[in-house]
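Engineer: Protein sequence lines, in the order shown, are assigned to chains A, B and C.
Here the first sequence stands for residues 28 to 146, where the numbers follow my numbering.
Here the second sequence stands for residues 3 to 170, where the numbers follow my numbering.
Here the third sequence stands for residues 1009 to 1347, where the numbers follow my numbering.
Just so you know, the hints here were simulated from the structure itself, not pulled from any lab data.
Note that the Cβ used here is the ideal one computed from N, Cα and C, for glycine as well.
Incorrect hints may have been included.
Said to hold, decoys possible - Simulated DEER-style distance windows between Cβ atoms:
{"id": "1", "chain 1": "C", "residue 1": "E1035", "chain 2": "B", "residue 2": "A162", "range": "43 to 49 angstroms"}
{"id": "2", "chain 1": "B", "residue 1": "L160", "chain 2": "A", "residue 2": "L32", "range": "17 to 23 angstroms"}
{"id": "3", "chain 1": "C", "residue 1": "I1078", "chain 2": "A", "residue 2": "E102", "range": "33 to 39 angstroms"}
{"id": "4", "chain 1": "A", "residue 1": "L95", "chain 2": "C", "residue 2": "D1061", "range": "30 to 36 angstroms"}
{"id": "5", "chain 1": "C", "residue 1": "E1135", "chain 2": "B", "residue 2": "L33", "range": "58 to 64 angstroms"}
{"id": "6", "chain 1": "A", "residue 1": "D91", "chain 2": "C", "residue 2": "A1167", "range": "32 to 38 angstroms"}
{"id": "7", "chain 1": "C", "residue 1": "P1340", "chain 2": "A", "residue 2": "D91", "range": "44 to 50 angstroms"}
{"id": "8", "chain 1": "C", "residue 1": "G1091", "chain 2": "A", "residue 2": "E102", "range": "51 to 57 angstroms"}
{"id": "9", "chain 1": "A", "residue 1": "L95", "chain 2": "C", "residue 2": "P1340", "range": "38 to 44 angstroms"}
{"id": "10", "chain 1": "C", "residue 1": "M1341", "chain 2": "B", "residue 2": "A75", "range": "38 to 44 angstroms"}
{"id": "11", "chain 1": "B", "residue 1": "A19", "chain 2": "C", "residue 2": "P1212", "range": "28 to 34 angstroms"}
{"id": "12", "chain 1": "B", "residue 1": "L124", "chain 2": "A", "residue 2": "A33", "range": "51 to 57 angstroms"}
{"id": "13", "chain 1": "C", "residue 1": "E1347", "chain 2": "A", "residue 2": "G100", "range": "49 to 55 angstroms"}
{"id": "14", "chain 1": "A", "residue 1": "E88", "chain 2": "C", "residue 2": "E1347", "range": "15 to 21 angstroms"}
Unchecked claim - Calculated cross-link-like contacts (lysine-lysine; reagent style DSBU-like; alpha-carbon spacing at most 35 angstroms):
{"id": "15", "chain 1": "B", "residue 1": "K56", "chain 2": "B", "residue 2": "K40"}
{"id": "16", "chain 1": "A", "residue 1": "K70", "chain 2": "C", "residue 2": "K1211"}
{"id": "17", "chain 1": "C", "residue 1": "K1264", "chain 2": "A", "residue 2": "K70"}
{"id": "18", "chain 1": "C", "residue 1": "K1155", "chain 2": "A", "residue 2": "K70"}
{"id": "19", "chain 1": "C", "residue 1": "K1050", "chain 2": "C", "residue 2": "K1218"}
{"id": "20", "chain 1": "A", "residue 1": "K30", "chain 2": "B", "residue 2": "K40"}
{"id": "21", "chain 1": "C", "residue 1": "K1218", "chain 2": "A", "residue 2": "K134"}
{"id": "22", "chain 1": "C", "residue 1": "K1257", "chain 2": "A", "residue 2": "K117"}
{"id": "23", "chain 1": "B", "residue 1": "K40", "chain 2": "C", "residue 2": "K1216"}
{"id": "24", "chain 1": "C", "residue 1": "K1257", "chain 2": "C", "residue 2": "K1218"}
{"id": "25", "chain 1": "C", "residue 1": "K1216", "chain 2": "C", "residue 2": "K1050"}
{"id": "26", "chain 1": "C", "residue 1": "K1211", "chain 2": "B", "residue 2": "K40"}
{"id": "27", "chain 1": "A", "residue 1": "K70", "chain 2": "A", "residue 2": "K134"}
{"id": "28", "chain 1": "B", "residue 1": "K105", "chain 2": "A", "residue 2": "K30"}
{"id": "29", "chain 1": "A", "residue 1": "K134", "chain 2": "A", "residue 2": "K117"}
{"id": "30", "chain 1": "A", "residue 1": "K70", "chain 2": "A", "residue 2": "K117"}
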Amino acid sequence: MNKPLAAIAAFAGLVFLGSGAWMLAGHFRAQDAVLVEIVQDGKVLYTVDLASEEDRSIRIEGADSWNLVTVRGGEIFMEEAGCPDQTCVKMGVLRAENLPIVCLPNKLVIRFADSQEVS
Amino acid sequence: MKLTTRRLTELALLTAAALIIFVIELRIPDLVPIPGVKLGLANIITVYAVFRYKPEETALIVLCRILLGSMFAGRPSAILYSAAGAALCLIGMLAVRRFIPPKWIWLCSVLGAIFHNTGQILAAMVLMKTAVIVSYIPVLLFTGCIAGAFTGLCAQMLVARIDRKPPA
Amino acid sequence: MSYRRILPAAVLAAVCLTGCAKSEPQEYSTDLFAMDTYMQLKVWNTDDGASLDAAAARIAALENTFSVTIDGSDIARVNHAAGAPTQVSEDTALLIRKAQEIGDASGGALDISLYPVLCAWGFTTGEMHVPERSTLDALLGQVDYTKIGLDGNTVTLPADMEIDLGALAKGYTSDEVIRIFRESGAESAIVSLGGNVQALGSKPDGSKWKVGIVDPFSPSENMGVVEIENQAVITSGNYERYFEENGQKYWHILDKADGEPADNGLVSVTIIGDSGLQCDALSTALFVEGTQDAVAHWQRDGGFEMLLVTEDGRLLVTEGIADAFTNRSAMPMEVISHE
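Turn these sequences into a full structure, and let the hints guide you.
Structural biologist: Okay, here's the thing in structure tokens:
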């Protein structure tokens, strides 16, 4: 085996093993990430990863109303709302890609980040 | 630089063969449902040509295959990705060709595959302007190495079986 | 022959051939708040998003036409005309005509003149409460959609009546959005207007759209998925807008028999059909009609498919859509057929 050939072989071997290891590492990370967006009037205010996010509450003010969004135990839901009808609070925990939690008075939407169409 | 009718016919035949392989591969369901991950069987012809034809002749085959292939596939917009990948792949393989003994052609093909996928990723980064592609890099490179070794092995057998003088 | 002669020819030929090929559609999407709901639009087109902008503009225009609360809208002018004939747009006339047609077909289950009763419940303001029986009785005396006069584009409404098109406006709007997309040359689009879904064509990869159907007993989850193309999937349910008082649940779909929330055995009605307008109106009408009459209505008129969920946890699916529906709920699916 000549020298350049050995170098080529070493390079290819390194890329092969390196990308393999990277892929495995990325696979375990990507599998767990559950990205959720909190959007107000078309602007993404927060992106949280439910898999790693600490339990916390975020208060979001709007022109006419306010909301208290809570992340707890890997789930996200609207804990309180300043509007009279409380539709978003009754919706409960965010579960389905086609069923975002929506607060109409505050134009606030909690949805999965990579939502696939309506399906 | 002369191109004889005989030579032109040979190149045309190789291009046609590559296109046929390419079209047949389109019909095979994806083994892995990730865009960009495929065997790339048509590269058998490219690798073969690298070792049996002049660089400019090989480039002509690849150019025609990409232009026609992207139309046969019905996705002319994908041409930039294939062109970027193929150009880098060809440059890489031609650069190392003189160090490669006949038994190691498959390794040359692996190197070509790595360059090919690198070219595709670069094109995607420029065109799509997003960092999401970064997560594709390992899977493209990893599967590319395997696919490259396979197509390279096929080409290696072709080179061994078809008795033809290497390019001057 | 030399490369110098061959190469330009090859490149020219290839470029010409490529030029003939159609450029690939890109995905354009937007979401917006209109008509008291959250809307998501997505279209695959080759027009730099022009059709998406046109659709958003059309939605805004229709909201300004149909809204009960926006001053100067067709409906506001009709309601405040004090009995005088009012000139309205083609769109409004079309919706009123459809409301009368579905009202007749459902034995009056759909009645767009229930609006004053809806106001008494507070559903229009969000300040919901149970009204006095006497209030309801007094208001119900003025509920009768057959008294709405419609001649061409002229509407005449008795002075003490008020109408709203809430049961039809979103369905018509999704029809219009899909029409705009189709006429712009798009072959693939999906819109969701507050959960009312309508599709143009199939997905860009040729497969059917998968539309989740809300589980009325757990509204943050789907009870199943229906696969469609070129159709609308529109649901009316008792979970959409409701309030609770003294442990009792009250929802926004009212029955003009007593002015109370329609409670005739159904908790959710999903209509699947070609026209969003038709589906929207039918979903409300059939919800009010109740289980038996809804099934009878479908068997009699047809032209649409449906999924019914009853308050006692039965899932009834018409035979035309049963194969396209994947049931993910614990409820067994009962297929209903034409006799």
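Engineer: Name the hints, by number, that the structure is in violation of.
Structural biologist: Hints 12, 14, 17, 18 contradicted; others consistent.
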